[in-house]
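Participant: Use these hints to put chain B onto chain A, whose structure you have.
Number of protein chains: 2
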Amino acid sequence: MDSLQKLGGINAIIISHSSSDLLPTEGSEEASRHFLQEIVNILLAYMCKLFKRSTKVLDFHHPHQLKEGLEGFTLELSDQPENLEQLLVDCRDTLKYGVKTGHPRFFNQLSSGLDIIGLAGEWLTSTANTNMFTYEISPVFILMEEVVLRKMMDMLGWSNEEGDGIFCPGGTVSNLYSVLLARYHFFPEVKSRGMSAIPRLAMFTSSHSHYSIQKSAAVLGIGTENVLLVKCDERGKMIPGELESSIASAKDRGLYPFYVSATAGTTVYGAFDPLNDIADICERHGLWMHVDAAWGGGLLMSKRHRVKLQGIDRSSSVTWNPHKMMGVPLQCATLLVRKKGFLQECNQLCAEYLFQPDKHYDTSYDTGDKTIQCGRHVDVFKLWLMWKAKGMEGFESQINKCLENAEYLFDKLKNRTDFLLVFESKPEHSNVCFWYLPHSLRNLPPGCERDKKLHAVAPKIKAKMMEEGLTMIGYQPLGNKVNFFRCVFSNSATQREDVDFLLDEIVRLGHDL
Amino acid sequence: MDSLQKLGGINAIIISHSSSDLLPTEGSEEASRHFLQEIVNILLAYMCKLFKRSTKVLDFHHPHQLKEGLEGFTLELSDQPENLEQLLVDCRDTLKYGVKTGHPRFFNQLSSGLDIIGLAGEWLTSTANTNMFTYEISPVFILMEEVVLRKMMDMLGWSNEEGDGIFCPGGTVSNLYSVLLARYHFFPEVKSRGMSAIPRLAMFTSSHSHYSIQKSAAVLGIGTENVLLVKCDERGKMIPGELESSIASAKDRGLYPFYVSATAGTTVYGAFDPLNDIADICERHGLWMHVDAAWGGGLLMSKRHRVKLQGIDRSSSVTWNPHKMMGVPLQCATLLVRKKGFLQECNQLCAEYLFQPDKHYDTSYDTGDKTIQCGRHVDVFKLWLMWKAKGMEGFESQINKCLENAEYLFDKLKNRTDFLLVFESKPEHSNVCFWYLPHSLRNLPPGCERDKKLHAVAPKIKAKMMEEGLTMIGYQPLGNKVNFFRCVFSNSATQREDVDFLLDEIVRLGHDL
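Those protein sequence lines, which keep their order, are chains A and B. Using the numbering used here, count along the first sequence one by one with no gaps and you end on 898. Using the numbering used here, count along the second sequence one by one with no gaps and you end on 898.
FYI, nobody ran anything at the bench for these hints, they're computed from the structure. Among these hints, one or two may not hold up.
Identical copies look the same in the list; a pair holds intra-copy or inter-copy alike.
[To be verified] Restricting the straight-line Cα-Cα distance to at most 25 Å, the calculated cross-link-like pairs of lysine-lysine (BS3-like) are:
1) K536 with K452
2) K799 with K837
3) K481 with K849
So here's chain A without its partners, still in its complex pose (with noise of 0.2 Å):
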C-alpha cells in the first residue's frame, strides 16, 4: 500500500481503470498519458536512487521466496485483467526485488552503469516499435546503422572501400556470424550443400578466449572437438608459437585449418593478443582472422589506449560490444566483415514477401537479408544518440577513467599482505584479479593444501555479499588457477571510494574464514 500512496496526485485517473481504458480506445489520451507517466515516475525516482551509495544493490532473495509470493509481489499470472494501479505496483516491485546494475558498486559483469542518453533512446526505440528488415519500415534507423557502423569501421582502421556490418543480438551471435563467414568464404557451396561436401574445418583460438567460439563450432556443425585452444602466456595471451605449432598438427591429422579468433580483451583476464604476429601467421596460411574484440573494442576510442589493437587493421572480421566497454544499454553489439557484400552473399535467401527487387527505392537498403535472424531489433538508436551527445572526446573520457580506476585497484592490491595478485603485470584493460587470504590462509605457504581451502573462499565471501547486498564482484577458477575475484570496471558512476569500500567489504566478509 505504501508503493500507492507515494504515487500522488494523478493516480486517481487511474485507480480502476484497466488497460482496456487506453489507447487505441476512443478517448483514452488522458488515462494513457497518465498511466505512463506514472510509469515513467517510478523510473525516475529509480534511477536517482540507483546512482546514491547509501542504495543497495541488491536486495536477495532464493527463487523460492521469489516464487511464494513477498509482500503481495506475486509472479503467477491469472486469466483476469488487474487494474492499471495493481501493475505500477507490480512495476515497483519487480525493480525492487531486481539487481541495481548501474549501481556504482556493482562490479559483477562486463555490462554495467546506466547511460541516461542512451537510456532515452531505448525508450524512444521501443515506442517506435519497428524492425530492421528492409528501409521501408525504418528508413531512419537503417541509415543510422550505415553511419555508425562506417564510424566504427574508420577506426579499425579499414577504408572506405572495404567494410561491412550489422547490429547483433549479443557478442555471442557477432562471433558465430564470424565462422559462418569464413567457412563461406573457403567453401561457398556449403550454403546449399552441407558439411558432407567440404574438408573437416579446424579453427583455432587461445585457452582464454571466450566461449562463444565453441559453440558457433557445436552450432555450425564444425564440433567442438574441431576447435583448438592455443597456450596462452601467464598474462593469457595468445602465444604465436604456439598458434604456428596448433595449425601444423592440424594439418597432419588431416584436418583443414580456416579461421583463427585472436580475442581483444579477454572476458577474464582483459588480455589482449599479438594482433599483428597472428595476422602474419593468418597470411602466411591464408586463414581467415576474426579479432573477438567485444570487451576491448571500446579502447580504439581512447588515443591512450587504442595502441593495444594494433594490427586490428588487418582482420577479415571483428566483434565489437558496444553495450560493454562503451556504456550502451543492453543489447548492443557489432559484427564488422571487412570484405564489403558479403554478409549478403553469405546469408541472403531472397524470401520475395520481404525483399521485393521491384520496389521503387534502391532496395540495397533492405539489409535484413544479410542477416541470419530475419527480424532484427533496433539496436542502433541509442548508439547514434549517444555519440551524437557525447562525442569521440566523451567516450574516451569514460573509457580512460574505467582503466584509471582499474590501476587504482591495481596499485592498491600491490602493497597489501591480504590480497594477491593473480598476475603481477598491470592491467591492460579494466579487469583486475585477485585473491582474497583470509587470516587463517596467510602463514600456509603456497601449494595444494592452500589452494584447497582458497578455492572456497571467493564463493563464501560471494555468498555472504549478496545475502547483504551492498557491492557485488565476480570470481571463477581459470586453468590450475582456483577461484579468484575479477574486479571490471565500466561504469562511468564507479569512483575511487567505490574501489576501497569493495576491499573494505571483502576485508569484512572473509576476515574471519
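Facilitator: Just chain B now, kept in the frame of chain A:
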C-alpha cells in the same frame, strides 16, 4: 526551431547543457529528470498522434534524401558533443521521418500496433538494463520467464512434467534452435565431432513455410538443398501424402530424414498445416516434429480459433512469437521444447566465469547456458505485464477482433469485380490475399498476357502509396501467382473504416494504371 519552441517551459534548464551534466554527475538529478521528462513528452505526443487517422503513416524520403539531411536533420556523427537541446530535436526528427507501425492503417507487417502496457514494460526493461544469463543478476526476470513459458506450454497442451523454453531474438532464431535440438536428439555426438561424424540429413517443410527453415539449414551446415519443400494444396497447407512420398524419396537417395517443420499460420496465406496428420507421419517415421507457430500461435489464446492448431500438443518443439499476433512490442519470440532439460543438455558449455557450480543459490535458474546467445536481452517483462493487464480474455478479444477484420475484408472482396481473391476460401488467420484489377485489365481474359500486366500493378500502387503515406500494405509473388497484395491484421487499433479506407485508396491510386 519550430520543434524547439514546442518544448515548453522546463526547457530552459536544458538549454546549453550537455550529457556530462546528467547523472551520474554529482548534483545532476534535476537536470537528468528534466531531460528524460522532455523525451517522454516527445514520446507521449508521438503516441497520441500515432492513433489518429488524420496522421500520415509515413513521410517518405529516398535514402539519398535522408542522407543529404532534411531541414537540419543530419545523421552524421561528429567528434564533438552536441547539447541536450539538439538531441531533443534529433529525437523528434527521428520519429518524424520514421514509419508509424502502430497506425491503424499500417497493414504492412505481421507485427504492428503499439500496446501501451507493453510499451511501459519496455521502458522499465531498459531502465533495469540487465541481462538474462544468470539468476544472480536477473532474479525477477528469470522467474517471470519460467512463469510465462509455463503458461504458454499449458496452452500447447503439454503436461507439467514436460516442457522447457527460452525467449529468442526473433522467430528465425527460434526455428534455428529447433533444428539444432532435433539434430542433437538423434546425433548427440555432433556437438563435439561435427557433421562429418554423422549421416547426410534431410529436413522437410512446406513450400509455403518461412525461409528461416532454409536459413537454419545453411547455418547449421546441413545445406539448403537438403531441405525438401513439400507441396501444398491451393490454400497453402502442406499435403500429408506429399510429405510421405518426400520422406521415402529422401531415404532412397541415401539421406537421413530427421526433422519436419509444420507451419501454423504461413507468412503469406496464413495457412495452417494439418498438424495431426503430420504428427502421425512423424511418429511413424520417428522424426522430430517442429511447429512454426510464430504467426499462428496467438490463436491458442482464442477459444473460437484454437481448433486450427489441433495436434500442436504432439510436437517436439514450437516457435511462437508474442510480438506478432499478441501485439507485444518487438522483440518477443519464444522457442518451446517438449523434452525437459534438453535445451541445457544440447547447448551447455559450462563456462566457469559465468556459471559457477559453487554458488549459494539453486543454479538451475542460471538459464544462460541453455542458450546459444550467452547474453540475452530481457524480452519477457513486457509480455508478463501485458498478461497481468489483459488476462487471457484480453488477448482473446484482441485476436478475435483481428480475425473479424480479416473476414470483413474477405467478404467485401468476394463481392467486388475490381478485386480478385488469390484463393476463394475464408481466411483461417488474419491474412487476406488479393489482386486489384485496374480498368485496363478488367476485360482481359485470365492468362499470360494479363498476368504480365497484373504483376506490375501492386508495385506501382505500393510506390504511390508510400509517396503519399496514408496507408501501407505489402505485396509479393508466390509460386506461379504474380504480385498480389497481402493484408494482415494484428493491430487492435484497426477498425472496419480502416479496411474500407485501404480498398478505396488502392482504387484511387490504381484506377488508371
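Participant: Would you mind marking each hint as holding or not holding in the structure?
Facilitator: How the hints compare with the structure:
1. For the homomeric pair K536 and K452, the shortest alpha-carbon distance between copies (15 Å) is at most 25 Å, but the shortest distance inside one copy (46 Å) is not.
2. Proximity of K799 and K837 under a CA criterion of 25 Å is satisfied intra-copy only: 23 Å inside one chain copy versus 79 Å between copies.
3. Proximity of K481 and K849 under a CA criterion of 25 Å is satisfied intra-copy only: 19 Å inside one chain copy versus 51 Å between copies.
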